[in-house]
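Enquirer: Residues per chain are reported as follows:
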Amino acid sequence: MPQYLLSVFQEEGAEPPSPEQAQMIMARVAAVQEEMKAAGAWVFFGALTDASSATVVRAAGGEVSMTDGPYAEAKEQIGGFTVIEAADLDEALEWARKGSEACLWPVEVRPFLSSPAG
Amino acid sequence: MAGRGPALPQQSGWVSLDPHEFAAIYRREAGRCTATLVRVLGDIDQAEDAVADAFAVAAERWAVDGVPPSPGGWITTTARNRAIDRLRRESTRHAREREAMTLHDPAPDPPADLGDLDTVPDDQLRLIFLCCHPALGADAQVALTLRLLGGLTTAEIARAFLVPPPAIGQRLSRAKRKIRDTHMAYRIPAASELHQRLGPVLATLYLIYTEGHSASAGDDLLRPALTSEAIRIARTLAALVPDEPEAAGLLALMVLTQARAPARLGEHGELVRLADQDRSRWDRALIAEGQELLRGCIGQNRPGPYQVQAAIAAVHADASTAAATDWAQIVTLYDHLQRLCPNAVVALNRAIAVMEHRGPAAALDALDALDEIDLPAYHLFHATRAEALRRAGRDGEAADALRRAIALTSNAVERRHLERELAGLG
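Order-wise, the sequence lines are chains R and F. Reading the first sequence from the start, the letters are residues 1 to 118 in this note's numbering. Reading the second sequence from the start, the letters are residues 1001 to 1426 in this note's numbering.
Only chain F is shown next, with the shape it has when bound in the complex (with noise of 0.2 angstroms):
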C-alpha cells in the first residue's frame, strides 16, 4: 500500500511498547519482509498490505506481550496468515481476477503451503533487480527501491527526490501497475545478462545509502537501517559479481563513508562537519576494509564514478587531521569524476574542494558557473556559497545564502546546524 508507514501503537494507559524501537523494527525489518511475501504470494500489492497488516498487529500485540525475540520472523509469519485468511475469503468470488494479477513466478510454488517462509537473502536481491528492472524508468526504479525494500512513506521520497508526494504515488502505483501487467520475473538475472542489470541496481542503492547517511526529513539525521540495509544488499551485490568492479567500488564507497559515522553527530545529535570530526572516533576496520576493496577494484582497470568517490573518500580517510588532507588530490579525483558524469551536484562537491584547496574566491568562481537554475531547491548549494562568502569577509551576504539553505531543508539536524552558523556571523 504507498504510502504507509510504520503503524505507530496505540496511546494508552498501559502501553509499554516504545514507539522509536517500534519504528526501528519498522525500518529494519519492512524490506526484507516484503521480499519474503512478494515471492510467497506473488504479487508486491498483496505483500505490501500483508506487512502493513502485520505491523498493525504487532502494535498492539507487542504492547501487550513484549516484542518478539525475532521480530522480522514473527512479522513475515503473521503477514503470511494474514494474507492467506485473506485469499480463502477472496477465494471463490475473486479466483479469477487474481490468478489475472499474479506475478509471473518462472517456478510457481504450489498454492497449498505458500512457499518457503525463512527470509532467504535471495529474495531482497530479486526484488532490488525487479525493482530496477531495466523497462521500468530510472525515476520509478529508485522509488520502487526505497518503498518497498527500504520501507520508506510516499513522503519521504518524496522529499528524497525533492518531488512533491502525489507525483511520488503515482510513479509508484504505474511503476507496479506495469510490473503486473507486463509479468515480469521475481529471479536473479542470469551471469549474461548481469552487467547491463547492474547499472540501475547500483545507482539505486547508491541513493537508498546517500538517504540513510543524510535522511531527507525528521530529527535524525542518520538512519541506520537503510545505510546498514544498503550496505548489505551491496555486499552481496559485489560477492555475486566478483567481475564488475563497479559493484566493489560502489561497497567501497560506501564502507569508506560509513567509518566516519560514529564522528558526524555531536553530544547533542548536532552534525559535525567532515574538518571539525574527531577522527579518532572514525573506524578503523570499515576504513581498512574500504581500502582493501578500492584496491581490489582499481587493480581491473575499468573505472567508473563509484570507484572514484571512494578514492575521494580514502584521501579523507588517509588524513590524520584536516590540514593534512590532499585537497590537489581531491580536486584532480573531481575533475575525473566530472568527466565521468557531469552534473551539478557533482560540480558543487568539487566546488567545496576548490575552496579548500584554492581559497574562497576561486571557489565563489567555481560556483557562479554553476547554472543555479539547476540547484534551486537544493539547501547545499547555498550552504557551500555561505561558507565561501563568510572566508572570504562577505558575511552580509553569507546570511543572505544561509536563510535560503535553512528554508530549504527539511531536516532538523540539519537546519539547527545552519541557524548555529547563521548566529555566528551575527
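Chain R with its partners taken away, still in its complex shape (with noise of 0.2 angstroms):
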C-alpha cells in the first residue's frame, strides 16, 4: 500500500495559542491519531520541537561545516508530520483535511516513492 508524508506547516512567530486552545487543538489531534490507529492507516508520527533549534549539517571533500537554524530561510516551516498509508490519494488527502481541521494549519500531502518490493 502506499504511504504518504502528511506534512504540518507552522508559521513561524505566530502568536501561540492560549493553554486551553492548545489543549483542544492536542485533543483534536490525537482523536486524529487514534482514527488512523483504528483505520490501519497510522504508520507513524512525531512533532517538532521550533525550527530556530535546526542545524543543517554540510560535508563535503572531508570538511564539514554547520549552520544554525532551518535549511530553508522560509516564514511557514514543518512543525510536525505523520506519515501513513492509504489506497490512494484520495484516502490520503481526506487524512490530510481530518489533520488540518484538527490541528488549524495547512498540511502538506507527499507520496512516497515506492519501493520495487511494493
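These are calculated hints, taken from the structure and not from any lab test. For clarity, every value in this text was computed on a predicted model and none was experimentally measured. Where a beta carbon is used, it is the ideal one built from N, C-alpha and C, also for glycine. A portion of the hints provided could be inaccurate.
[Said to hold, decoys possible] Here are the computed lysine-lysine pairs in the DSBU-like style, where the Cα-Cα straight-line distance is at most 30 angstroms:
#1 F:Lys1178 to R:Lys75
#2 R:Lys98 to R:Lys37
#3 R:Lys75 to R:Lys98
#4 R:Lys37 to F:Lys1178
#5 F:Lys1178 to R:Lys98
[Claimed, not checked] Counterexamples of contact, computed for chain R against chain F with all Cβ distances above 10 angstroms:
#6 Ala27
#7 Ser53
#8 Thr67
#9 Ala92
Put the two chains together into one complex, using the hints given.
Expert: Right, dumping it as C-alpha cells:
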C-alpha cells in the first residue's frame, strides 16, 4: 500500500494558542491519530521543536560545516509530520483534511517513492 | 505520448485511405480508446503509446483492407494486443519498475486477462474525473483532458491556451507524473464528493466544446468530433448528477450553441456571423431540448455561470430574426454573468451586446474600459473594436484593428472572414 508523508506547516513566530486552545488542539489531533490507528492507516507520527532549534550539516571532501537554524529560509516551517498508508491519493487527502481541521494548520501531502518490493 | 497526433497514412501509389477520413476517425475514437486502455493497462503513458501504435498500424492496414466497420473497436483491440506484446517483452527485465509505476486501481484486473475490452461509457467518466482531479492545477486539468479525452496534439492545446507548445508539453508530463507518483485512483467519485469534484470537470468540458465550436487552428472552423464528444460527456454527467443545476446548465448552453452550427458556415466554408445566419437552418430539436434543460435547472433556483450563459443563448434562439433579438435582456444577463464570474472575455461579450443595444459609441467606451493588456493575444478583442469603429464611421481605425486581429488568429476560416471585412472597408 502506498505511503504518504503528511507535513504540518506552521508559521514561525505566530501568536501561540492560549493554554485552553492548545489543549483543545492536542485533544483533536490525538483523536485523529486514534482514528488513523483504528483504520490501519497510521505508520508514524512526530511533533517537532521550534525550527530555530535546527542545525544544518554539510559534509563534502572531508570538510564539515554547520549552520544554525533551518535549511529553508521560509516563514513557514514543518512543525510535525505523520506517515500514513492509504489505498490512493483521495484517501490520503481525506486524512490530511481531518488533520488540518484538527490542528488548524495547512497539511502538505506527499507520496513516498514506491519501493520495488511494493 | 505527448504531442503525438494522428498517424497519417503513408503516401504510396496504391494507398486508398482518405487522410481526412482517417483524421476524423482519430478525432472520434482516440479519447474513447485511451480511456479504456488506461483502465486495462493501469498507466496513462502506456495507454497513449498503445493507442498511437494502433493508429500507426491502422494507417497501413486500412489502406489495403479498407476501414473496418467498427474502427474504435479495432483500435482498442489492436492497442491492447500491442501493449500485451510490449509488456511480455519487458516483463522479465522491467517487472519491478513497471510495478512501481502502475497507476493504482482500487479493483485491479488480474493481469492475465487484462480486463474488459468493451468501451464502457464509465471509462470516459473515470478518465475525466482523473484528468480534473482537484490535486492537479486548473491548467493541467484542461491540458490533460484535451490531450487524453479530446485527442488534441500539444500544439493544438497550446493555441487554445495562447501559450508556447513546450509549456504545454511540460504541463502534461508533470501532471501525468503526479497522477502516477501520488497513486490517484481511476474511479468515479462517491456521491458525497461529486459536487466538489464537478467544478473543474464542467470548466474543462466547456473548454473542449469551445475548441470544437471554434477550432484554434487549422483549415476547419468546426471540429464536430470535439463538440459532440463534449456534449456526449456532458449528457452523461448531467444524468449522473441531477441535483447539480450547473451540469444541466452547461449541457443546455452547449446544446443551444450547437443548434446554430448548421448556419455558422457558408457555402464555401466561410464563417457566417450570428446576425447574418439563416435562422431556418437552426436545429429546432436541439433548441427545444436546450430550453427544456434550462427550465429544469433554473427551477432549482441555484443560478451559476453556465445557466446564465445558457439563458443568453436561449434569448438568441427565441428571436426569429436578428433584428428581433431582445438585446436589453441580453445586456442584463451579461451584467449578471459579470457579477458571477468577472473576467475579460465576459466583459468583451458584454461590450458586443452593448453595441447592439446602445450603439457603437457605448461599446467603444466599454471596450476602452477593458484593460487591453488582459487580452493582448486575443483576436476577438481587436475584431470587436474594429466592428464598433466601423459602425461609428471611423474606417481607418477599424482597418488598423482588423489588421491586428488578422495577425493574431491562427484559424484559416476566421482569418478569411476578417480579411473580407478588411476588404469591405476598401
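Enquirer: For each hint, tell me whether it holds in the structure or not.
Expert: Now for the hints, and whether the structure bears them out:
no. : hint                 : in the structure
1   : F:Lys1178 to R:Lys75 : holds (26 angstroms)
2   : R:Lys98 to R:Lys37   : holds (14 angstroms)
3   : R:Lys75 to R:Lys98   : holds (24 angstroms)
4   : R:Lys37 to F:Lys1178 : holds (27 angstroms)
5   : F:Lys1178 to R:Lys98 : holds (22 angstroms)
6   : Ala27                : holds (26 angstroms)
7   : Ser53                : holds (31 angstroms)
8   : Thr67                : holds (31 angstroms)
9   : Ala92                : violated (8 angstroms)
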